[in-house]
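*Asks:* Sequence:
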Amino acid sequence: MRGGQKEEVPGQRRSGRQRIDLSVVEEGFDRHDLERALRQSLEEERKRQLTSPSGTTKKTNKKDTPAPKPSPPVKAKEPAKKGPGRGKKEPVKKEEPVEPAPSPVKPPAKEKPKAVEKNQKTNIKKAKPEPKSSASEVKKVEEKKKVVETKTTKAPTGKKPTKAEERKQKEEEKKVKSEEEKPKVTEAKEEASEEQSETAEAQKVATKRKNTSAKDPSATKKQRLPKTSEFLSLLECARKSRCRDAHLGDATCWFPRQFGRVIFVVVDALRHDFLRPKTDDQPKTPFRGQLRRVAEAVARGDAAIGTVLADPPTTTLQRIKALTTGTLPTFIDAGDNFSPDAVVHEDNIVFQAHELGHNVTLLGDNTWSSLYPKRFSRVVAFDSFDINDLNSIDDAIRPVLAEEVKTSNASLIVAHFLGVDHCGHKFGPFHPMMSVVLKKIDDVIAETIEEMRDDDLLIVLGDHGMTSTGDHGGDSDDEINAGILVSSKKRKLSLPSSPLRQIDVVPTVALLLGLPIPFSNLGTVIHQLFPPELREQAIALNYEQIKRFAENYASKNGFGELHSIIAHESTDSESQLRVMSRVQNALRTAWTQFDFSYINVAKMGIVDAILFLMSGKQMNVEATVFRVGCILLQLALLVEHSDTNPAHSLLMMATSLSCVFSLFSLAPRVFRLQFVPSTSTFAVICVLLHSVSFFSNSFVVNEGQILMFLLQSVLLSMFLDRIRSNIDHRNKNWNHVLMRNLTSRDGLLLLGAMLVVRSEPYFHRCREEQLDCPQNYPTMLLSALSIDAQVWRVAVASIVIFLGNYLFHRSFPARSGVMRVVAAASWLVHIAIVLLSLLNVVTVNASEVSINTVCFGLLLAQFVYATSLASASIGFFHRDGDSLTAMYAVVWPLYILVGDGLQPAVLAFAFLIFVIAKYTTTDLIPPLLCLLVPYGFYLTGHSPCIPTIPWTAAFIGVPGSLGLRILPAILVLSHICLSSLLTSLLLPLRKALVFASSSSSSASSTARTASHAIALCAFRCLLSCVASVFLRRHLMVWKIFAPRFIFESILFLAFLISLNFVVLIASPPHRLASI
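Add 1208 to a position in the sequence shown, counting from 1, and you land on the number used in our numbering.
Be aware that one or more of the hints could be misleading.
For each label pair, taking beta carbons as the anchor points, the in silico distance ranges come out as [to be verified]:
1. V1868 to D1980: 47 to 53 angstroms
2. T1797 to L2261: 27 to 33 angstroms
3. N1828 to L2261: 45 to 51 angstroms
4. A1844 to I1995: 58 to 64 angstroms
Honestly, the hints are just simulated from the structure, not real lab data.
C-beta atoms are modelled at their ideal positions from N, C-alpha and C, and glycine is treated no differently.
Use the sequences and the hints to build the structure in full.
*Replies:* Encoded structure:
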């Protein structure tokens, strides 16, 4: 070691690589000398532990006893004098040993370490030999390396070493290097114990450095600023950033702290245009120009506003995660939005602030406390699930925020306001209530600007935007463009005119508070918020952090593109910003990892199920045991996800053998199969064409129109078959035959069914990609309509459902006393449905809703649920029950779930099912069922997009404060799967209408028809899965193909469960009057 160098506390080894501590960087040292000195100090520490009286290993010493203090002779701070020429740095080549600068005075302290070294070698030889392992080999290698480095860095005497000594040193270095290249095994337990003690050791190191700098005046000299490549120690397996990873000086962690506090106000669903002042040429809306006090602060220069882009999916949990970790969410993460066990384990600014002893305060949304448990010093959080609550949460945290701003010593204050988002979900952005909520936010921001301290930084941010209907979750412009405001009394701040990335807030807040940037962050610092003299340093630190993460990610995942991006060193700020942007874009396109082992197992399972259903095998004992075994293997895969799990190989082998056996049993039937043109064959071809259309994004976008065409074609073919069967070939008057069929009751019903199919565009919910799609009244929010339009829509819906109830009871009159009671109750249910629709009109137009009104609405909805359940139970299970009335009672709760706008669509779809059940043939039912499920999905106002999920259904008849989340989930799924539930009634409905007199032969026919329908729908689900996997790198995979596969899977599972349930519980059919 060089003279004048102080002994450093040994570094920590992680994952086979030495951590390079850059906290002490003196003149005359380069990075390689410092690394060798630290490694030598580490080896000496290990030797002292081995020679300690306890005789325990390193791991035991580290856990139980503190490391022994170094002996005085070894300390490198002697002599106190400094020879001439020591302050200059010599140019050193990396390939050659470092030669110290000449000094006329020989330091006497350099002879003592050599003697100590010999004694330590003797003690090591006498010690009990350890078992041969990679760890012991590493120790031997480092012992030899230490000897070489000691000789190389021998105290300068003013004489150059002889050629023989140089050759000997080089030979020893080569020998050590060859031994170092042997494979090393990482000790996992040692790493875990080292990670747990990192914080305590860092404090010890800081204390020792402080004491050392007080003794040595040379340590207080101004240090040179390291290069950007020296800012971070690039560790492959590090998961959390630490203060010792990078240093700019003795008193800083990564970066000098710029603000005493950061007040982080998150306004849920604050769209960018909500924050901007209204211009003269813009139309007046309830959300434009409502933040007037904010506009005044911006005009005075006290604040600056801009736009931030949120990465989809634009759901609250994913946005909070991105705002704290700086990572990019994936599509599948949207499923965690309502998971109570969703905890963030990645490095984040909340963790960094907590680790460094900073207080963090949370106010508002309890999603933060569930994501980061036990990380906040003060928590005032509320449940954010109830979208009907517009004011209580914001009103509760507003005074607490004012108190925190005035008196709190927290370094980070997080306040999450929910009123804007809840107002959007309930009323939409065009409702007058939106202006009321925004004015409250305006007052909160203005009061915070006035009361905050001089060294505070205020950041107001929207986590996402909202659509014209108040929804979010997708990637439309209105959903991803959120607003941002920054303000500080310390200096005037500015924001760029171009949109920022939302994840850019993470490194910015971290460095401004003097915290390490989270390890997996991909955001770039907003350099406009830093002082001009520190901007380059902030960008350089951010660059090295992203470069470290990119190297880690690329080495673990074999991402060659990242290696090519970060291969060349960038030294100026502009090139560093470009590299960070390229890394972010590269990871954005390939962020999701696909587990093909699970994908292949799922596909093989679906293929096996389809072939088994088509083979028509009976479920005997052997087949039952085999199927149960497959289910258990699948559960084993879900419980333990590992590449070496034997369940994967066993399951693939079992499903493959089952497919082979099913094919052998199907082969004779396939060879005997003859193509006969018929309506059922045409319907099967239509199902196949629809299934293949999943491979085209244009067909998926316009799927509603395609299904309308296919289903109408099948119905037209049915109508022609009926006319053909009624033709008397002896009668040459074809016009008379045609008019007789058209004017008959059967013909009119079939024509009415085709007209219902043609009504789909009127109830269709438009997608973002359908630019020329008009938004019709049934799918619009009630708050977006005028009062007259609201009344007319409720009136039309009420007339339609009352007319449907009258026609049903006239066609199928009650035949027993109990069913007459059910018929009378149906009128009360319809009155309750109309009252609930009128109550919605009142609440939408009222400025304030009383608690009595809310309770009355809950009671009405609960009365409908209870009456429907009782009527269905009586119809199915009572001895005098009527299965048709029971199936009709299933429709009643669906009326209130979809709302008054779509109630006529539900009744029209039920009428369509009734007509098909009455006039179709048995072989035509399976393809028709497969076409009805997706068609009914579009007819009832649904669309396979995340923003169109009907969250309002979760609160119909259920209070928002209910802790049991399973009930709201069932209501939302019932709304989405409405078509599956109603379509599953077709088989028992046909059984009741057609086979009313003889049912002994119809039972087996019904089961066979159900299995064929399930197999055909499973085939369509399989092709949707294959399309998503095949197009996984398509530009529209997360916008079109993946959502379509998810909705297809949900619809298929709902159809599968409801069909089996209805077929099992349907009572024997009764004699019914024909119509």
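*Asks:* Are any of the numbered hints broken by this structure? If so, which, sorted upward?
*Replies:* Per hint list: single violation, 3.
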